[in-house]
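Chemist: For chain A, the structure is supplied; the task is to place chain B on it using the hints.
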Amino acid sequence: MDEGLKNELQKQGVFTTTLEDIYNWGRKNSVWPLQFGLACCAIEMIATSMARYDLARFGAEVFRPSPRQADLMIVAGTVTKKMAPQVVRLYNQMPEPKYVIAMGACAISGGPFKQGYNVLKGIDRYIPVDVHIPGCPPRPEALLHAFMTLQQKIADQQLTGVNRPRHLQVDAPSEFTVPKFGEHDLEPSSNPAVWQAPALVR
Amino acid sequence: METLEQIKAQIEAAVPGARLEIIPNDSPSAQRSLLVAAENGLAVAKFLRDDPELHLDYCSNATGVDWPEAELTEKIKVKKVVDGVEKEAEEVKKTVRPAYLEAVYHLYSMAKKHGPIILRLRTENRVEKNHLPSLTPVWRSCEFQEREIFDLYGIVFDGHPDLRRILMWDGFKDFPMRRDYVAPDDYEYEPTPHDDVLEKAKQHRAQEVKS
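Quick note, the sequences are listed as chains A and B, same order. Just so we're aligned: 83 in my numbering is position 83 of the first sequence, and the numbers increase by one with no gaps anywhere. Just so we're aligned: 146 in my numbering is position 146 of the second sequence, and the numbers increase by one with no gaps anywhere.
Accuracy of the hints is not assured; some may be wrong.
Taking lysine-lysine pairs in the DSSO-like style, the calculated list, with each CA pair at most 30 Å apart, reads [stated by the list, open to error]:
| id | chain 1 | residue 1 | chain 2 | residue 2 |
| --- | --- | --- | --- | --- |
| 1 | B | LYS8 | B | LYS87 |
| 2 | B | LYS112 | B | LYS46 |
| 3 | A | LYS180 | A | LYS6 |
| 4 | B | LYS77 | B | LYS87 |
| 5 | B | LYS173 | B | LYS202 |
| 6 | A | LYS114 | B | LYS173 |
| 7 | A | LYS82 | A | LYS114 |
| 8 | B | LYS129 | B | LYS93 |
| 9 | B | LYS93 | B | LYS80 |
| 10 | B | LYS200 | A | LYS180 |
| 11 | B | LYS46 | B | LYS173 |
| 12 | B | LYS173 | A | LYS180 |
| 13 | B | LYS77 | A | LYS82 |
| 14 | B | LYS79 | B | LYS93 |
| 15 | B | LYS93 | B | LYS46 |
| 16 | B | LYS113 | B | LYS87 |
| 17 | B | LYS94 | B | LYS46 |
| 18 | B | LYS210 | A | LYS114 |
| 19 | B | LYS200 | A | LYS82 |
| 20 | B | LYS113 | B | LYS46 |
| 21 | A | LYS114 | B | LYS202 |
| 22 | B | LYS129 | A | LYS82 |
| 23 | B | LYS94 | B | LYS77 |
| 24 | B | LYS173 | B | LYS129 |
| 25 | B | LYS87 | A | LYS114 |
| 26 | B | LYS80 | B | LYS94 |
| 27 | A | LYS180 | A | LYS114 |
Hints listed in this document are in silico derivations from the structure and should not be mistaken for laboratory results. Please read these numbers as outputs of a predicted model, since none were measured by experiment.
Chain A on its own, in the form it takes in the complex (with noise of 0.2 Å):
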């Protein structure tokens, strides 16, 4: 619709919308994370849920214990590489749509435990994530920032035509692969449909 109309029937009293306008604003504010933490950013995401920094602002309030009333996943610490597997299955019984903020350095990249035997490299080696945190651990602010990115994200979508989201798609995977444990690592080490190695241009 065009801009200028709206206005002009605005002015009027009369407020037009879109389908999808309407459903997006619905549904990117009533995200609901997962309860669950894995290391200190754990405390920081705890601390943005309660009063000073207050989550409930943004319709996330609600921390859901299971993964099949959740539609955020919070990825809030160090994935060792023997949680890996928990952490995917737990992102696969979640319903669609889902999303995923990958808390912290760890969380991204491994952060100072990259170089260990047991710390997975970036939880993006398996699972897709939406926003990316940096940080050790990030301030609530910073985890405000990247929620409202999220809605931002969820805001934008487009509920028809190639880019609609996923959970739109029928053929689109909802569930990915969980890894296995391998005897020198996790098998297979990362799920190329999801994550490849950074290609360098020099």
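Modeler: Leaving out everything else, chain B in the frame of chain A:
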């Protein structure tokens, strides 16, 4: 508390046939430790805990050390006869120290407020003779720490109540804290590589150039 020499003498008196050795420490802390033969380990530990004077009732830390095979060089003075004249000459003697694994225990006394006494137990080698007596029956606090040593260094503790891997998963085959451990190659680009990472980065760069 008595000196380490006195404690060593006490143990030798209490545990017949105990083979003990005091390991010197050149670092600023100068914290010496007591090397105990594996077969006496449990008896020595029981003595240290139950002796009314020592009363070491608390094992604060148990950890592992991996000693790979090393060539030790030692300078010794040898008298040589050169052209009928006796001269003192220095000769370098090389000995090969076989590889072994070590478990180190730090013992304190809560009751007497003294410590630490440091015990070292050595395995014969790193492959199949990697057994040591578990000290968990003496100090409960060793349980998880011995499991961790088993997990990361591969020392098998005989007499441990529940010897399983604790940090890595059960099917894992390697021992990550051993010096010859090679981590899986999941290198990815880093902006400022250094040390080992720099070496890895160079290797990957060479492969990239080849392909």
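Chemist: The structure should be examined with respect to each hint, and the outcome stated for every one.
Modeler: Against the structure, the hints come out as follows:
Simply put, B/LYS8 and B/LYS87 have alpha-carbon atoms about 40 Å apart, too far for the 30 Å limit, and the pair is violated. For a cut-off of 30 Å, the pair hint linking B/LYS112 to B/LYS46 stands: about 17 Å separates their Cα positions. Annotation: proposed proximity of A/LYS180 to A/LYS6 is violated, straight-line Cα distance about 54 Å (limit 30 Å). A distance of roughly 10 Å separates the Cα atoms of B/LYS77 and B/LYS87; the hinted pair therefore holds under the 30 Å criterion.
For the hint linking B/LYS173 to B/LYS202, the alpha-carbon distance of about 28 Å falls within 30 Å, and the restraint holds. Simply put, A/LYS114 and B/LYS173 have alpha-carbon atoms about 21 Å apart, close enough for the 30 Å limit, and the pair holds. A threshold of 30 Å between alpha carbons decides the hint, and for A/LYS82 with A/LYS114 the separation of about 15 Å falls inside it, so the pair holds. With a CA separation close to 28 Å, the supplied pair B/LYS129 and B/LYS93 stays within the 30 Å bound.
Of the pairs offered as hints, the one joining B/LYS93 and B/LYS80 holds, with about 15 Å between alpha carbons and a cut-off of 30 Å not exceeded. The suggested pairing of B/LYS200 with A/LYS180 holds, with an alpha-carbon distance near 26 Å, which does not exceed 30 Å. At most 30 Å may separate the alpha-carbon atoms for a hinted pair to count; B/LYS46 and B/LYS173 exceed this at roughly 33 Å. Only pairs whose Cα atoms come within 30 Å are accepted, and B/LYS173 paired with A/LYS180 is accepted, the gap being roughly 14 Å.
The suggested pairing of B/LYS77 with A/LYS82 is violated, with an alpha-carbon distance near 55 Å, which exceeds 30 Å. Of the supplied pair hints, the one linking B/LYS79 and B/LYS93 holds, its CA atoms being roughly 14 Å apart against a limit of 30 Å. Of the pairs offered as hints, the one joining B/LYS93 and B/LYS46 is violated, with about 40 Å between alpha carbons and a cut-off of 30 Å exceeded. For the proposed pair B/LYS113 and B/LYS87, the alpha carbon gap of about 55 Å is over 30 Å, so the pair is violated.
A distance of roughly 39 Å separates the Cα atoms of B/LYS94 and B/LYS46; the hinted pair therefore is violated under the 30 Å criterion. For the hint pairing B/LYS210 with A/LYS114, the CA-to-CA distance comes to about 27 Å; that is within 30 Å, so the pair holds. Restraint check: the Cα-Cα separation between B/LYS200 and A/LYS82 comes to about 24 Å, which is no more than 30 Å; the hinted pair holds. Restraint check for B/LYS113 and B/LYS46: satisfied, since their Cα atoms lie roughly 19 Å apart, inside the 30 Å limit.
Distance restraint check for A/LYS114 and B/LYS202: the Cα-Cα separation of roughly 18 Å lies within the 30 Å cut-off, and the hinted pair is therefore satisfied. As the CA atoms of B/LYS129 and A/LYS82 are separated by approximately 29 Å, the hinted pair is consistent with the 30 Å bound. This hinted pair checks out: B/LYS94 and B/LYS77 have alpha carbons roughly 14 Å apart, not beyond 30 Å. Under the criterion of a C-alpha separation no larger than 30 Å, the hint pairing B/LYS173 with B/LYS129 is consistent with the structure, at around 17 Å.
For the proposed pair B/LYS87 and A/LYS114, the alpha carbon gap of about 58 Å is over 30 Å, so the pair is violated. A threshold of 30 Å between alpha carbons decides the hint, and for B/LYS80 with B/LYS94 the separation of about 19 Å falls inside it, so the pair holds. Proximity of A/LYS180 to A/LYS114 is assessed by CA-CA distance (about 20 Å); at most 30 Å being required, the pair is judged to hold.
Hint violations for this structure: numbers 1, 3, 11, 13, 15, 16, 17, 25, all remaining hints satisfied.
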